[in-house]
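Q: If you're matching them up, the sequences are chains A and B in order.
In the working numbering, each number is its position in the first sequence, counted from 1, plus 728.
In the working numbering, each number is its position in the second sequence, counted from 1, plus 728.
Hints are supplied without guarantee of correctness; some may be wrong.
To be verified - Here are the simulated DSS-like cross-link-like pairs (lysine-lysine), alpha carbons at most 30 Å apart as the crow flies:
| # | chain 1 | residue 1 | chain 2 | residue 2 |
| --- | --- | --- | --- | --- |
| 1 | A | LYS1016 | B | LYS762 |
| 2 | B | LYS867 | A | LYS973 |
| 3 | A | LYS1016 | A | LYS924 |
To be verified - A few chain B residues that face chain A, going by a derived Cβ cut-off under 7 Å, partial list only:
| # | residue |
| --- | --- |
| 4 | LEU908 |
| 5 | VAL909 |
| 6 | SER994 |
| 7 | TRP995 |
It is worth saying that the hints were derived from the structure and are not from the lab.
The beta carbon of each residue, even a glycine, is placed where N, CA and C say it ideally should be.
2 protein chains.
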Amino acid sequence: MNDISNYFKSLQEDICQQLSIADGDTPFLVDDWKRPEGGGGTSMVLTGKKIEKGGVMFSAVEGVLNEKAAKGLNIPAGDFFATGVSIVLHPSNPFSPIIHMNVRYFEMDNGLWWFGGGIDLTPHYIDPEDAIFFHSGLKKVCDLHDPSFYPTFKSWADDYFFLPHRKETRGVGGIFFDRLVAAKKEDKESSFDFVKAVGESFCSLYIPLLQRTYDRPFNDLNKKWQYVRRGRYVEFNLVWDKGTKFGLETNGRTESILVSMPPMASWEYDHQVETGSPEEFTLSHLKKGINWI
Amino acid sequence: MNDISNYFKSLQEDICQQLSIADGDTPFLVDDWKRPEGGGGTSMVLTGKKIEKGGVMFSAVEGVLNEKAAKGLNIPAGDFFATGVSIVLHPSNPFSPIIHMNVRYFEMDNGLWWFGGGIDLTPHYIDPEDAIFFHSGLKKVCDLHDPSFYPTFKSWADDYFFLPHRKETRGVGGIFFDRLVAAKKEDKESSFDFVKAVGESFCSLYIPLLQRTYDRPFNDLNKKWQYVRRGRYVEFNLVWDKGTKFGLETNGRTESILVSMPPMASWEYDHQVETGSPEEFTLSHLKKGINWI
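Next comes chain A alone, as it looks inside the complex:
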């Protein structure tokens, strides 16, 4: 554990405390785990009222990055250290959006290091007002650090959170960034400050969206649609998400990786939506390049 992983651990605890209160004082399950090859983590899992299933995962792991894994990252092999916080929340109400955040730090014993991260919002039903609120908040966080960040990282998220086999984005996007290193490489603090700001924005970006939707009335069709959209979330995570694939293929901790899976999802052959319906509105907005602000 170093300053960065200590920070991520406290970020996890702070976010869990706020989410626990927002859900109506529902406690998180706390599961500490060790990694045989070095390091470990704490998985915090919520089975709540407003949040049907939520995972807020911290890890700080170290070990040898073998030739194959190093080649995958396009860096020399050696000893590595990686730490971060990952969150996926699946709300109960179909009108509440799914949220994902990841903030992470990676370093090698040869002095190489970088930060990465992202937040993206996946509404079952797209509400443009929510998307505007979410993207405006992200832009504000980015602009305080570098005016080029929001447009660059927003577009990166559009490309990353995309299902080629459905020709759909996962949701309304957000920001995504990787291998973030300050312009002056020695100045690790400035990159770290940005990552902190992203992490600390999470609750203020999501909790208001949850609070204004969690008790909205819904019918069977809305619930069925939520299950279908959750099925798409599963498809993205298991087929296209690099982190999930890498974790499962390299003997990562399965339960911590797959806590991102929804509590219940469904698949129907060739599902069709009604013309002019809110479901069709949502599908027609699962596109790259929408400027929500």
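For chain A, the structure is supplied; the task is to place chain B on it using the hints.
A: Quick look at chain B alone, frame taken from chain A:
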């Protein structure tokens, strides 16, 4: 269309007719599709009483196998033709097993050809009697063609239908084979005869298992466990199944590929089973190398 694809088309129709009757005269939805690059198929989909969701898919496609795809198959690029039948049935009752079958033929314009296929059974609750019935039936089909087939293809299925990230087999296995070419390469009929025998065994291997379980009483725990096991089925298909991955990554027909997804599945963090329960019995038998006969 040639003799082989004509045969596969008639096999699809015959299997659908028998499944339709077995389900209580439930008709299949019939969806013909064309592939822009050449060929097409017919997806037949059942939303039934005993079978909650079933897909029996036929396709016969042709086109150019590009350098990358050819490299993946370790053969020279050129024009290809591929045809086959794929089946996945998700039954309603948790005590009825999921079944999968695939029989296929592939050829290149340079004269290269092979058959492939497999059948495997995925019970939510393992019943050794069902597994013995299923494997004995498969052995009988194999032995009529070559006494080495059953042991070789049974072991191949154990290795193929395996989830490394769960250290579990998908179910009780079955048989799997690929690049099947007769000892005398000219003698295509003998390989084709074996593949026909596998395809024609499907109904007699599965329908009896369905008929003796479809009306068995079950409780909420049984249903919940069915959803958890279906979640594992999703994980196998999206993360490990070569056919699914290849199809999704090469612009295959998404609806026909993902008809294998269950109608409803669930994920729970670190799901645990009771000591001495039928769920624990099942988990303890999701292992390679069990000789069921």
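Q: Hint by hint, note whether the structure agrees.
A: Cross-check of the supplied hints:
1. Between A:LYS1016 and B:LYS762 the CA atoms are separated by roughly 28 Å; this keeps the pair inside 30 Å, and the hint holds.
2. Of the pairs offered as hints, the one joining B:LYS867 and A:LYS973 is violated, with about 36 Å between alpha carbons and a cut-off of 30 Å exceeded.
3. The straight-line distance between the Cα atoms of A:LYS1016 and A:LYS924 is roughly 27 Å, inside the 30 Å bound, and the hint therefore holds.
4. Here the hint on B:LEU908 is broken, as its CB sits about 28 Å from the closest CB of chain A, past 7 Å.
5. Interface restraint check for B:VAL909: the shortest CB-CB distance to chain A comes to about 31 Å, outside 7 Å, so the restraint is violated.
6. Of the supplied interface hints, the one on B:SER994 holds, with its beta-carbon coming within about 5 Å of a beta-carbon of chain A, less than 7 Å.
7. Contact between B:TRP995 and chain A, as hinted, is supported at the beta carbon level, the nearest pair being about 4 Å apart and thus within 7 Å.
Hint check: violations occur at hints 2, 4, 5; the rest are consistent with the structure.
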